[in-house]
Amino acid sequence: MAMRGTAVMRRAASVRPTARAGASAGRRRRMIGRHWQLYFVIALPMAFLVTFNYWPLIGLQIAFRNYNPIQGMWHSPWVGLSQFRAFIDGPYFWPVLRNTLRISLYSVVIGTPATIILALAINEVKHARFKRLAQMVSYAPYFISTVVVVGIIQIVLSPDSGPLLQMANLFGVHHLPHLMASPSAFPSIYVWSGIWQETGYGAVIYLAALSSVNPELYEAARIDGASRLQRIRHIDLPSITPTIVILLVMSVAGLLNVGFEKAFLLQNPLNNSSSEVISTYVYKTGLLDSNFSFAAAVGLFNSIVGLVLLVIVNFVARFVSDESLF
Amino acid sequence: MATTARKSTRIRETRGDRIFLTFVYAFLGLVVFLIGYPLVYILASSFSSSNAVLSGKVWLWPVHPTLLAYRAVFRYPEIWHSYLNSLIYTVAGTALTVVLTVMMAYPLSRRAFYGRRFFNWALIIAFMFNGGMIPFYLLVRDLGLLNTRLAIIIPSALNVFWVIIARTFFRRTIPEELSDAAQVDGCGDVRFLLSVVLPLSKPIIAVIALLAAVYQWNSYFNALIFLNDPNLYPLQLVLRQVLVQGNVSASAMALSPEQLQLFQAIQTLLKYSVIVVASVPMLLVYPLAQRYFVKGTFIGSLKE
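Residue numbers (this note's numbering), protein chains in the order written: chain W, 1 to 326; chain P, 327 to 630.
Result set (DSSO-like, lysine-lysine): computed pairs, CA atoms no more than 27 Å apart in a straight line:
#1 LYS621/P to LYS528/P
#2 LYS621/P to LYS131/W
#3 LYS126/W to LYS621/P
Stretch-level coverage of chain W by chain P, calculated; a stretch enters the list once three of its residues show a Cβ under 8 Å from a Cβ in chain P:
#4 226-237
#5 284-296
I should point out that these hints are in silico values taken from the structure, not numbers from a laboratory. The C-beta atom is built at its ideal place from N, Cα and C for all residues, glycine as well.
Okay, chain W solo, but in the shape it has when bound (with noise of 0.2 Å):
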């Protein structure tokens, strides 16, 4: 009953719309002749979204396919969902799926606290130019090429000189193990080398939101006594808990897009069996092998998984904290 009551509803309400548009349709045509120009402004940019975003998306259905050059992605046969099922029960899906979420987690569960913490810090300290030095250099490797960021990591953790060697020097210990062809380093290395590039432009983005944080209420803290560190946790925490919040959402919606760019230069025979992510075997089997429809399956996979999580995670975040990304 009440659904037959909702639908009659709908259709009530659906009904003047219609009437609406129709007697509009005179404004319409005005308001598009108007601005006709607007039209001929966006039309180029329009073709460039719809050729090289949406066109991309129905060239997804090889997956759907056994796609072969002769007959393209129109004609190709059709497979159904086979290639996904070749991907899910073939030898590399595990390994594939652990390692990929083994770096993303691992990089979730570092760097958010570690940018909050580099974020809340940078804000505590008055000294106008220490502060600004300790964002210029936290904010510099941001700007630097993911290429140059592996030979820097390559260099720095090289068995036979560079900065670790001279540091575990120091200490007393002078023979290093090759970091880059252990297969156990290599998440650390893909993590902290991400930590040292990207937080201080991650913190950036909490700065924003503590900058309009009103100063009063540090004021009345302080005159009831608050410490520095009371202050951080009853004001800083919550005005960036909607920040936060939302970054959660979105990083562990791509908990499966472990980036192709650096996880490929750090690759190398030796630590393959922990390095081999989702996109370095889509590259691999659809790009140098030429199995162009089980790649994009295992692609499409990523991207559908992907947006399973986001819609759970958002769920849970707007019924937890009130706060959600849509």
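Fit chain P to the supplied structure of chain W, relying on the hints for placement.
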């Protein structure tokens, strides 16, 4: 003087707070050191002799200063060629991105733009979903762009997120009344965009241009999958050979016999000097970039 005067009027810091603050400064000092040290080390090493570098004598300052490493970069035609390529890609790509971003963001920011909701949804959907690596590659291949300079410039020219940032900016800084008034006075949208909106939008244009330039200069992925011809390689791809794969060929450098004896040394030092040389453009824009990136982050984090 001013600080003491100010302090006296304030509530004095408690002992606990002072200890805490000292701890914060020490922590940040350590962070600054840990982040900055590898960069200083590389800069110092690039000016040092290879023996000093290999024996770990270089800390913060060049030891046995020499320009050998930089001379080696100058002798490496692949590096210079790709450097030039990267400049071309960065300038052309940035220009195209700025033009496309403004052309898309401005109409979307106007309430008088009929169909705005439809276009905005098209933008959001494009932001949330993408086809991934394989369909993107096949598209570029089918467009016949493989192994051309255009493959680096065109497919990545429109970034949806940057359009969203610019749209938010236009909404906040170009009042609807202004564009309406211009319309009433007979100024068309194109003329309004060119002669009113653009001069008012220098900050956002700077933000987008810097984002695009840094992205283009630093990226190697599109070049990796779209280019085969070494003559078209951007710098990052050559850096990958030199830095990551350790491919430095003596023959590529056209060395004289006595320099050939130094090849071992050059090979060691080249890593350090190419990092410095590759980062020079970023270093030049860094002060600007820092300011504008922060601004971009602010605008990007604003809700409608």
